[in-house]
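*Asks:* Take the sequences, apply the hints, and build the full model.
Chain by chain, the residues run as shown.
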Amino acid sequence: MPQIPSTDDPQTTFRYPLRWRIMDALNYGLDRFWPARMSPYTGWALIMPALLLVGILVLGLFEMADSSLHTLDRAIFRPSEAYTLENYQAVMESATYGRVVMRSVFAAGLTVFFTLLLALPYAYIMVRTTRSAVRKALLVTLFLPFFIGQVVRAYGLLIILGTNGVANNALGLVGIEPIRLLFNFPAVVFGLVQYMLPFAVLMLAPALTAIPRETETAASSLGANWLQSFRHIVLPMAKPGLIGAGLVVGTLSLTDFAMPAMLGGGSQDFIANAIYDQFFRTADQGLGAALALLLVVLGSVIVGVVIALFGAGTLGMGSKK
Amino acid sequence: MTVQIAAKADATQAAREVAVRASHVSMDFGSGALAVDDASFELEKGRFLTILGPSGSGKTTLLRMIAGFQKQTAGEITINGKAVDAAPPHRRSVGMVFQKLALFPHMTAAENVAFPLKMRRFNPRQIAGRVDQFLDLVKLGGYGDRRINELSGGQQQRVAIARALVFEPDLLLLDEPLAALDVKLREEMQLEFRRIQHELGVTTINVTHDQREALVVSDNVIVMDGGRIQQQADPVALYRAPANPFVAGFLGLSSFVEGTATADGNLKVGDLVVQGTAARRFETGAPVVAAIRAEQIRLAGTREALAACDMTLEGRVCDTIFEGERQMYVVEIGALCGATFRVYHHDPDSFGLFRVGDPVALGWNRRDLKIFSPAA
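First to last, the protein sequences are chains A and B. Per our numbering, the very first residue in the first sequence carries number 1; after that it's consecutive. Per our numbering, the very first residue in the second sequence carries number 1; after that it's consecutive.
Think of the hints as simulated: they come from the structure by calculation, not from any bench. Just so you know, not all the hints are guaranteed correct.
To be verified - Below are the EDC-like pairs computed for lysine to aspartate or glutamate, each with C-alpha atoms no more than 20 Å apart in a straight line: (1) B:100 to A:216; (2) B:82 to B:150; (3) B:118 to A:73; (4) B:71 to A:214.
Said to hold, decoys possible - One-sided excerpt, in silico: chain B residues whose CB lies under 8 Å from chain A: (5) 41; (6) 94; (7) 96; (8) 102; (9) 119; (10) 300.
Claimed, not checked - Covered by chain A, according to a simulated footprint, are these stretches of chain B (three or more residues, beta-carbon under 8 Å): (11) 104–112; (12) 209–215.
Positions of the beta carbon are idealized from the N, C-alpha and C atoms, including for glycine.
*Replies:* This is how it looks when you write it as structure tokens:
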């Protein structure tokens, strides 16, 4: 037993460990800087940086809304002085933009469907396996792609799916002529699913962990086979996770840029690609801003509809009655 | 009551029907000691069996093997005469109430109870009526539309019981469902289990570490320790005639004395011979251990006051503990090499009669001091 020195003994030269003294000093400083009577405002103080960031975003949106109301005067290449809705009119009347919007929404929907289809069993096995080696392998496989950026991954897919790529070589071995796997709609969706899978798994895993194993055991003792137990117990109980993952995957896909740009080869543009073109190719800031706001509205409406349908409670936000 | 009498009458018949039979069942998780070690028992139809044991005794593992959640590494289990070892849980006719209930939170009480009927392909037109009937049985009539989180702990217990019984399984298993309840509710639910079991006559196996529950609810008790069945008997026999020191210590409050066997079957501690009874003969001089229950010891100020007892000894009070309806004294007996005895004193007028350090006398009857071979 180490001797605990008495603090009121003047003979002892005992000093508290450095880490304790640093913590004490920090505590003292904090007390001076943020006295106890301020504690009701602590929550607000902590949320301030986040509010500032969102505020800047909102400010940018207003800026964009303003520039979307001016058309580009092509004679002087400057925005018009007068406010006009011409940009929105141009977007609404253009069949090309209609196609782009429909394509984005459709691709996002497909991506959500396939990603959840693949992510659910992955997350389920990861959560339920009793072998820690399997869980670790699944986790490492899941996180590995995170270290590689989206562009690099899309480039990797270009190599794999190219006319002389690995996929076509493999097909050639069984006597199938090379087929064009790239620069079409399925290639973009494939790339998006591949990109979104880790996000979906990471969002589903906690939802599945929250389902007690005993609930499934109970279902089996009550006469449910594995499939019935999955359908009647696991799926409904995982619904909040599925909706949360679906929203994240859906909004990220809807606004994606790199996959359609690289795997679509210019023929499969999403809204983000169209916006990029307006800002950086044709320099029509107004039209670009109008498209951007349209995308914001579209995404917000979809998220709003989903929340209205399933309730914020299913997303773990607030309690439902 | 009529059901109870009928069950007793059945039991006296020569050809008693066996509902569950376990023969030499073992479970090896590969961690050294066997979780369940060569367990064999029989349970007659309609009886209430409790498997009692401390945590880690293998009682839950045994139950899970009967339910089919785990496959034993040796031995055979039959339910109603059929070997079930190859059948997955959902193909066994076994209802189970789980420790954490495992109700389905996304369903109402009625939907929870209807679930096994739907899974087992009951006639859809009969399901609603049957669900109501079983909700009534557990006294939850009218609560069918409540969601699980809108029910109290006791009501959730009742839903879990109804759900496990609604498909009229051959066997009902209870995996310590009362462990988390407070004492009052637990005692109420124990009587409920007893009532429902009598009403339906369903063969039941209950697992618990609560000795009181085992004695209160069961027709038959199995005591387990270290993966082995220590004793199987009805509650009274189990309490009165424990088979070994473990059972004597696990049920009720016993005090132990170590010594050696004498030629005439008594216990010798130092130079003193203490009279007791043994279920079997011991070699003279063999090490033995004796146990006596706290309520079987008489306590008085002098040995003369205990003339009615077979055996009296003088000692000194080491500790007194007030327990409400009784007072417990811990008494050290110098003549028995300082062995201590725990004694219940039930006379409310004389609570606090003796204090720590007071000389007292203990007395007991020969048949109450049980002599065993020492625990392995």
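*Asks:* What hints, given by number in increasing order, does this structure fail?
*Replies:* 2, 3, 5, 10, 12
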